[in-house]
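Line by line, the protein sequences give chains A and B.
56 is the number of the first residue of the first sequence in my numbering; add one for each residue after it.
4 is the number of the first residue of the second sequence in my numbering; add one for each residue after it.
Derived by calculation from the structure, the hints in this document are not laboratory data.
The beta carbon of each residue, even a glycine, is placed where N, CA and C say it ideally should be.
Please note: incorrect hints may appear among the correct ones.
Said to hold, decoys possible - When the alpha-carbon atoms are kept at most 30 Å apart in a straight line, the in silico DSS-like pairs for lysine-lysine are as follows: (1) A/Lys181 <-> B/Lys278; (2) B/Lys278 <-> A/Lys178; (3) B/Lys210 <-> A/Lys77; (4) B/Lys434 <-> A/Lys178; (5) B/Lys433 <-> A/Lys181; (6) B/Lys437 <-> A/Lys85; (7) A/Lys85 <-> B/Lys210.
To be verified - Reference listing, derived: stretches of chain B covered by chain A, where coverage requires no fewer than 3 residues with Cβ under 8 Å from a Cβ of chain A: (8) 150-161; (9) 256-270; (10) 428-437.
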Amino acid sequence: MDYEFLDFTSDVLFRAYGRDEKELLVNAAKAMFSVICEIGSVRPVRTVEIACSGASLEELLYEWLSTLLTESEIEEMFFSEFHIDVIEERDNMLSLRGRALGEDATVEKGATLVKGVTYYQLKVEKRDGGYAATVSLDI
Amino acid sequence: MRPPCPSTYERGWFQMKEKLKSVGKNRWEIPIGSRTKEPRMRVPGRIIGSQKIIEWAEDAAIEQLTNVATLPGIVRYTVGMPDIHWGYGLPMGAVSAFDEEEGIISAGMTGFDINCGIRMIKTNMSYEEVRPRIKELINALFRNVPSGVGSKSRLRLTPGELEEVMTRGAEWAVEKGFGTREDLLHLEEGGVMEGADPEKVSPEAKKRGMPQAGTLGAGNHFLEIQRVEELYDAKRAEAYGLVKDNIVIMLHCGSRGFGHQIATDYLRILDRAVKKYGIALPDHQLVCAPATSQEGQDYFAAMKAGVNYAFANRQVMTHRIRESFEEVFKRDWQDLGMDVLYDVCHNICKYEEHIVDGEKRNLYVHRKGATRAFPPGHKDVPAAYRSVGQPVLIAGSMGTASYVLSGTEQAMMETFGSTCHGAGRAMSRKKAIKSWHGDEIRRSLEKEGMLVVATSPKVIAEEAPAAYKDVDEVVESVHAAGISLKVARLVPLAVAKG
Chain A
56 MDYEFLDFTS
66 DVLFRAYGRD
76 EKELLVNAAK
86 AMFSVICEIG
96 SVRPVRTVEI
106 ACSGASLEEL
116 LYEWLSTLLT
126 ESEIEEMFFS
136 EFHIDVIEER
146 DNMLSLRGRA
156 LGEDATVEKG
166 ATLVKGVTYY
176 QLKVEKRDGG
186 YAATVSLDI
Chain B
4 MRPPCPSTYE
14 RGWFQMKEKL
24 KSVGKNRWEI
34 PIGSRTKEPR
44 MRVPGRIIGS
54 QKIIEWAEDA
64 AIEQLTNVAT
74 LPGIVRYTVG
84 MPDIHWGYGL
94 PMGAVSAFDE
104 EEGIISAGMT
114 GFDINCGIRM
124 IKTNMSYEEV
134 RPRIKELINA
144 LFRNVPSGVG
154 SKSRLRLTPG
164 ELEEVMTRGA
174 EWAVEKGFGT
184 REDLLHLEEG
194 GVMEGADPEK
204 VSPEAKKRGM
214 PQAGTLGAGN
224 HFLEIQRVEE
234 LYDAKRAEAY
244 GLVKDNIVIM
254 LHCGSRGFGH
264 QIATDYLRIL
274 DRAVKKYGIA
284 LPDHQLVCAP
294 ATSQEGQDYF
304 AAMKAGVNYA
314 FANRQVMTHR
324 IRESFEEVFK
334 RDWQDLGMDV
344 LYDVCHNICK
354 YEEHIVDGEK
364 RNLYVHRKGA
374 TRAFPPGHKD
384 VPAAYRSVGQ
394 PVLIAGSMGT
404 ASYVLSGTEQ
414 AMMETFGSTC
424 HGAGRAMSRK
434 KAIKSWHGDE
444 IRRSLEKEGM
454 LVVATSPKVI
464 AEEAPAAYKD
474 VDEVVESVHA
484 AGISLKVARL
494 VPLAVAKG
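With the rest of the complex left out, here is chain A (with noise of 0.2 Å):
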């Protein structure tokens, strides 16, 4: 399983896994667009690239979500294809390069605003040789 989404009144709470760090970060951007848009119809035609730190994988996947979310609006796309190429470890802090892929977002393709990501339950745990995330989103 890549992703699955968890009861919550208000908001959005998912779960994304991964066998590694960049599977995790793939997997919890995929969990955030299939909110926003309808994933499976979105072309991955356009490229926009991504780069964020953060001092902890928590924070690196919190800084690489809200980038993603950022990016998206600013260029006015949905992403439904991602990338990770690099993440190097500097000065106690995590770096990431990577890609992001989508087209040209329409009202058709569309599906729930997301605000942001939050800090509520933010966790990445280690389990079964791999890795689990919680996040919520303010939508």
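Chain A is already provided as a structure; the job is to place chain B on it using the hints.
Coordinates of chain B only, in the frame set by chain A:
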């Protein structure tokens, strides 16, 4: 009834609710000792609401009030309104006030949607006149006011224009031809908060804001045609220009991606400030900075830019609403009596003067899902309404009633001049989507005489009336407590949702 979120379940469902003490009609106190962990509560909590409201309230939301009560410089008590429900950091439907010297300013307590608010536009048309054209009208509104994820605004701000929007709010929009100066006289703050500083807003927020001005957004934001069903207070109704059976328009939206980005940026900045100033936080989402610090004041100046963007946004949409009515009725909007009744902010931090224990104090009042409710005679109530008190606009959920209330002296004395903002969610969106299909809801509302247009059936299911608390009970609670008084009940005829 299942608990609203996992943390509540883990900690025991009614742990907080059992600690509530009745302290008068529709008033409950959460005593200082209710939170048993560090940091400890500095002040108690206060909830306004009937017995039924308390039964509906989530334990986790009450616990959040106790968390906020631990923060430095908190004044008197944290207040929960009858529409209280779990939110990030501070619950929705809550007010907290902080001392200007000892206190803090928090982005989490203002919310992601800075200056989310409600505007009401009147008409001089009766229900009977409008009824045959309702479908045409709501379709024109849906066409002219961009709504839904992926929608595009006709208005594309240049960097220079955005700068003006940030500092001049609705005034900028009026100068551009989106309304009249008379409109500005009927808005909270006159449609502009002084002291916004574009330098404190990130390039990302600016880029996000440029294409989105004049758009409704999505989720619980809406544009609704309503009928004035009942008047409770003839004098105030007359002062507000409300006539029984006439049509009004309610607009609910905020500062769009511009405000969301400001909130996101300052959650990061204030997260660092918490560590820098050694503030003990009971919940990460309450990140804040001392009110006197650079970080605190920077957020306040950036937040005001977001507030002004939302005022401009609602002003531009007011123009589109008027255009839509002109298109359908082939008459000028002035001829249709489409004046602005009022515009309230319900996600905001304000610097206000209040009397606490007989002493005048300047406070940073955070209203998150709470509305200002200033009394007759207050200098910040527009001249047109000063003799009767500020209009308070309360949105019901889709398919249910909305209200116009009036601010009171009791609100000044008890709730930092504040009251509720709406119905408050009772069910998760996920569960709502599982429980109903949007088309079923649409058909059932149509049978009751209400039209719904939306970008997708999913949005309709998410916002199903039964997913919210009963707005009538919420309003009865604030009326009975005297923190605002009922003026009019409005029923929906047609709604456009994002």
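Now for the hints, and whether the structure bears them out:
Pair hint lysine 181 of chain A plus lysine 278 of chain B holds up; C-alpha atoms about 27 Å apart against a cutoff of 30 Å. At most 30 Å may separate the alpha-carbon atoms for a hinted pair to count; lysine 278 of chain B and lysine 178 of chain A meet this at roughly 20 Å. At roughly 28 Å between alpha-carbon atoms, lysine 210 of chain B and lysine 77 of chain A fall within 30 Å of each other, so this suggested pair holds. Between the alpha carbons of lysine 434 of chain B and lysine 178 of chain A the distance comes to roughly 23 Å, so the proposed pair stays at or under 30 Å and holds.
For the proposed pair lysine 433 of chain B and lysine 181 of chain A, the alpha carbon gap of about 27 Å is at most 30 Å, so the pair holds. Annotation: proposed proximity of lysine 437 of chain B to lysine 85 of chain A holds, straight-line Cα distance about 21 Å (limit 30 Å). A C-alpha spacing of about 24 Å is found between lysine 85 of chain A and lysine 210 of chain B, which places the hinted pair at or below 30 Å, so the restraint holds. Against chain A, the stretch 150-161 of chain B contributes 5 residues with a C-beta closer than 8 Å to a partner C-beta. That satisfies the three-residue criterion, and the hint holds.
Look at the stretch 256-270 of chain B against chain A: 6 of its residues bring a Cβ nearer than 8 Å to a Cβ of that chain, three or more, so the hint holds. Note: the stretch 428-437 of chain B has 7 residues with beta-carbon separation from chain A under 8 Å; the three-residue rule is met and the coverage holds.
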